[in-house]
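2 protein chains.
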Amino acid sequence: MKRGLSLLVLLSVSLLGATARPEASGAEALRQQRVNELLPRAMAEHGIDLWLVFTRENASDPIAEDVGGGRVVARSAFLFAHTADGYRKIAVVASYDVAPIEESGIYDEIIVYRGEGIKPHLQRLFRELNPQRIGVNISRDIPLADGLTVGMRNYLEETLGPTYAERFVSAEKLIVSFRGRRLPEEVAILREAAGYTDHILREALSEKVITPGRTTENDVADYLRRRTAEFGATVPFISVVVGPVRGHGGPSDRVIQPGDLVRIDFGITHRGYSTDIQRTAYVLRPGESEPPAELQRMWEVCRRATDAAIAAMRPGVTGNSIDTVARNILLEAGYEGYPHAAGHPIGFDVHDVGPLLGPDWPERYGSTVHLKLEEGQTFAVEPILYADYAPVGGEINIGLEEDVVITAEGAERLHPRQDELILIRSSQ
Amino acid sequence: MKRGLSLLVLLSVSLLGATARPEASGAEALRQQRVNELLPRAMAEHGIDLWLVFTRENASDPIAEDVGGGRVVARSAFLFAHTADGYRKIAVVASYDVAPIEESGIYDEIIVYRGEGIKPHLQRLFRELNPQRIGVNISRDIPLADGLTVGMRNYLEETLGPTYAERFVSAEKLIVSFRGRRLPEEVAILREAAGYTDHILREALSEKVITPGRTTENDVADYLRRRTAEFGATVPFISVVVGPVRGHGGPSDRVIQPGDLVRIDFGITHRGYSTDIQRTAYVLRPGESEPPAELQRMWEVCRRATDAAIAAMRPGVTGNSIDTVARNILLEAGYEGYPHAAGHPIGFDVHDVGPLLGPDWPERYGSTVHLKLEEGQTFAVEPILYADYAPVGGEINIGLEEDVVITAEGAERLHPRQDELILIRSSQ
Numbered sequence: 001m002k003r004g005l006s007l008l009v010l011l012s013v014s015l016l017g018a019t020a021r022p023e024a025s026g027a028e029a030l031r032q033q034r035v036n037e038l039l040p041r042a043m044a045e046h047g048i049d050l051w052l053v054f055t056r057e058n059a060s061d062p063i064a065e066d067v068g069g070g071r072v073v074a075r076s077a078f079l080f081a082h083t084a085d086g087y088r089k090i091a092v093v094a095s096y097d098v099a100p101i102e103e104s105g106i107y108d109e110i111i112v113y114r115g116e117g118i119k120p121h122l123q124r125l126f127r128e129l130n131p132q133r134i135g136v137n138i139s140r141d142i143p144l145a146d147g148l149t150v151g152m153r154n155y156l157e158e159t160l161g162p163t164y165a166e167r168f169v170s171a172e173k174l175i176v177s178f179r180g181r182r183l184p185e186e187v188a189i190l191r192e193a194a195g196y197t198d199h200i201l202r203e204a205l206s207e208k209v210i211t212p213g214r215t216t217e218n219d220v221a222d223y224l225r226r227r228t229a230e231f232g233a234t235v236p237f238i239s240v241v242v243g244p245v246r247g248h249g250g251p252s253d254r255v256i257q258p259g260d261l262v263r264i265d266f267g268i269t270h271r272g273y274s275t276d277i278q279r280t281a282y283v284l285r286p287g288e289s290e291p292p293a294e295l296q297r298m299w300e301v302c303r304r305a306t307d308a309a310i311a312a313m314r315p316g317v318t319g320n321s322i323d324t325v326a327r328n329i330l331l332e333a334g335y336e337g338y339p340h341a342a343g344h345p346i347g348f349d350v351h352d353v354g355p356l357l358g359p360d361w362p363e364r365y366g367s368t369v370h371l372k373l374e375e376g377q378t379f380a381v382e383p384i385l386y387a388d389y390a391p392v393g394g395e396i397n398i399g400l401e402e403d404v405v406i407t408a409e410g411a412e413r414l415h416p417r418q419d420e421l422i423l424i425r426s427s428q
Numbered sequence: 429m430k431r432g433l434s435l436l437v438l439l440s441v442s443l444l445g446a447t448a449r450p451e452a453s454g455a456e457a458l459r460q461q462r463v464n465e466l467l468p469r470a471m472a473e474h475g476i477d478l479w480l481v482f483t484r485e486n487a488s489d490p491i492a493e494d495v496g497g498g499r500v501v502a503r504s505a506f507l508f509a510h511t512a513d514g515y516r517k518i519a520v521v522a523s524y525d526v527a528p529i530e531e532s533g534i535y536d537e538i539i540v541y542r543g544e545g546i547k548p549h550l551q552r553l554f555r556e557l558n559p560q561r562i563g564v565n566i567s568r569d570i571p572l573a574d575g576l577t578v579g580m581r582n583y584l585e586e587t588l589g590p591t592y593a594e595r596f597v598s599a600e601k602l603i604v605s606f607r608g609r610r611l612p613e614e615v616a617i618l619r620e621a622a623g624y625t626d627h628i629l630r631e632a633l634s635e636k637v638i639t640p641g642r643t644t645e646n647d648v649a650d651y652l653r654r655r656t657a658e659f660g661a662t663v664p665f666i667s668v669v670v671g672p673v674r675g676h677g678g679p680s681d682r683v684i685q686p687g688d689l690v691r692i693d694f695g696i697t698h699r700g701y702s703t704d705i706q707r708t709a710y711v712l713r714p715g716e717s718e719p720p721a722e723l724q725r726m727w728e729v730c731r732r733a734t735d736a737a738i739a740a741m742r743p744g745v746t747g748n749s750i751d752t753v754a755r756n757i758l759l760e761a762g763y764e765g766y767p768h769a770a771g772h773p774i775g776f777d778v779h780d781v782g783p784l785l786g787p788d789w790p791e792r793y794g795s796t797v798h799l800k801l802e803e804g805q806t807f808a809v810e811p812i813l814y815a816d817y818a819p820v821g822g823e824i825n826i827g828l829e830e831d832v833v834i835t836a837e838g839a840e841r842l843h844p845r846q847d848e849l850i851l852i853r854s855s856q
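As you go down the protein sequences, you meet chains H and D in turn.
If you use this note's numbering, the first sequence corresponds to residues 1 to 428, in order.
If you use this note's numbering, the second sequence corresponds to residues 429 to 856, in order.
Pair by pair, the computed Cβ-Cβ distance ranges are:
#1 H:Pro339 with D:Gly589: 28 to 34 Å
#2 H:His351 with D:Thr835: 44 to 50 Å
#3 H:Asn36 with D:Arg713: 54 to 60 Å
#4 D:Glu635 with H:Asn36: 51 to 57 Å
#5 H:Tyr87 with D:Ala739: 54 to 60 Å
#6 H:Pro339 with D:Glu613: 41 to 47 Å
Keep in mind that the hints were calculated from the coordinates and are not lab data.
Quick caveat: nothing in here was measured; it's all calculated off a predicted structure.
Note that CB positions come from ideal geometry on N, CA and C, so glycine has one too.
Chain H on its own, in the form it takes in the complex (with noise of 0.2 Å):
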């Protein structure tokens, strides 16, 4: 049909980017500077001349809302290339996706097709590019960086020919290096919502908040949501648990009494990035001044885990090599090993992407442990400490959980160190 056959548009980015954008899009502003920043040292890093995220609605890429593809329909292609010419973006979409692209601000040049289809375009860019690396989205391991479904990736092989597919190789280290890492913008904002989770958790966690013999943990809980709520900030997961281990469990019912053990794990969402804190308090019985020695001990080592572990984090360690340091204390101070990681990387999502800290199961865990820490990453630490406590009948968790970011020379927390194992006294 003659409506569906016009010929490709360019759009300069410079008529897109000139007007003021309102405040909202502070988070779109941040994007764009992780794409003009972050992931083009990380495709220099990783030796990938040119990165293709190839998505279309449904069974999207996860990636795509990265580089402000996550709402398109039809097959759409974002490429980012290292070339003679400088580092150029460039998104292909059909005619009736181009309203997000343009107003992603990403792109320096948009081209838009109709009834052709996408394959010549894309035929047209890569005779252009000539591109050597192909970074695309195929991961065994990591579900972020595993965006290409086959059916796509047979449609680019039916439309580069083999000598293009023959050059394309896994994008995921470049996605682990250019989600993973935060902007000095990024961590201001993580290190201010990591401050509110721990202010609250203190508060919480305070006779302020518990009476033992009355508050529940659903009491506990709803300060927490209340609190966020007045921060401005939301809450993606709480976990609140009295006495013997309940894994993720939510709160209930339970009253807070004398003797019992308070566990909270919570994290808050803030301008997008989320945290993730834990901390663990004992509820004095009537008399008590301190928590009893066994406690005492089990928290002391927990505590050491967990420093031994963020001093020992700096660029270029593997998350395996964490885990090993906080499992170890813990294992040579007569108790079991944590059934999980010792931490994970936070951000975007409470999970994100990146290096875990976490012991070589390759079943559970993958080449994810293998992964090195890098600058600007930023990572929940939890080597927790299960053990058996009779005086509650049954396993209990010491749970401490502290933010980080990765500087050049180690590990910077985000908001002060728990120092001593929280206690809270019966009012009588």
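Once you have looked at the hints, place chain D on chain H.
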């Protein structure tokens, strides 16, 4: 000439409140019924003895939700097998993913894995089932049937070995038949939804809502939204266009004037099912009692094309053949062909999976126009007429779109036909 307000449809809103089960579990019961009835039939028809949905968090397979697996985190396998012992439904999920799978009520067998990973369980199951044709979710042209990522495909081959990987076939047609067909209970819901939609449209395109010279496109859209909410439904999209073509333009503050053509493209989502209907009305000028002859002729041609398309629909014909029927009527009457398909499947989404009633434009529609219509599929039929029309200063559309279900004999309308071009009188 009959106005739009003619109440041919008797709507009993009380029916909404009379359903025995709460909304949520009703949808769940239908999902179970779909998996128990439509799925094994589709598998048999397409010669697939094992259908495997293999998904995980992020980049998750979009069809997983249809088998209760839309919320899993770790690698999860959903197997549907025709065996000597009958039809088996087996889920293999990580321990922390069990809850939603149990709650789905779909599976006979739920295999839970922990540290050993999913691999040994899949190996054992495949040895036991020894399937000959294994449907996996790979599709060039149907995104909803293309949920298997390359990383997950590779993991399957790593797990099962080449013997089984060689037995992989595309489950594309199976998914079209399973997802695209409606149970009688679902057709009843869609019929109810289409009845509401048609009724609201007739009200909106009448003097009750439109006062020429005063009412704007936005006023009409507001009315549609308000009335839909009163029926307990929601509005997934809305388009109210006065004057020249603006595509799927959102409604504006343009005031409707005598001599205008008002076109509404509108659907509602009712109990999880979505309709898609278009209506066009002409606003009589003072003194006019019927539309201009040129408009009336356009309307009649468009009505004829739509009727002919619906009359040609029956199981076994291709989507493309329906487009040809409608398109030829417009062309033979001297109009250009619409620059899109003559219709599309409706159901869970406004654009659902199934045969596209479209032209053979391979780069745009791929193979979807060559799929054959099946009993129980539901469609929106819309061979819209495009024409230059001097009185409004540009190209106009006669937008006529009607919803049907395919039966054994042909196509059955889900709501009353629009018999005449709707006329709106100016008050004076």
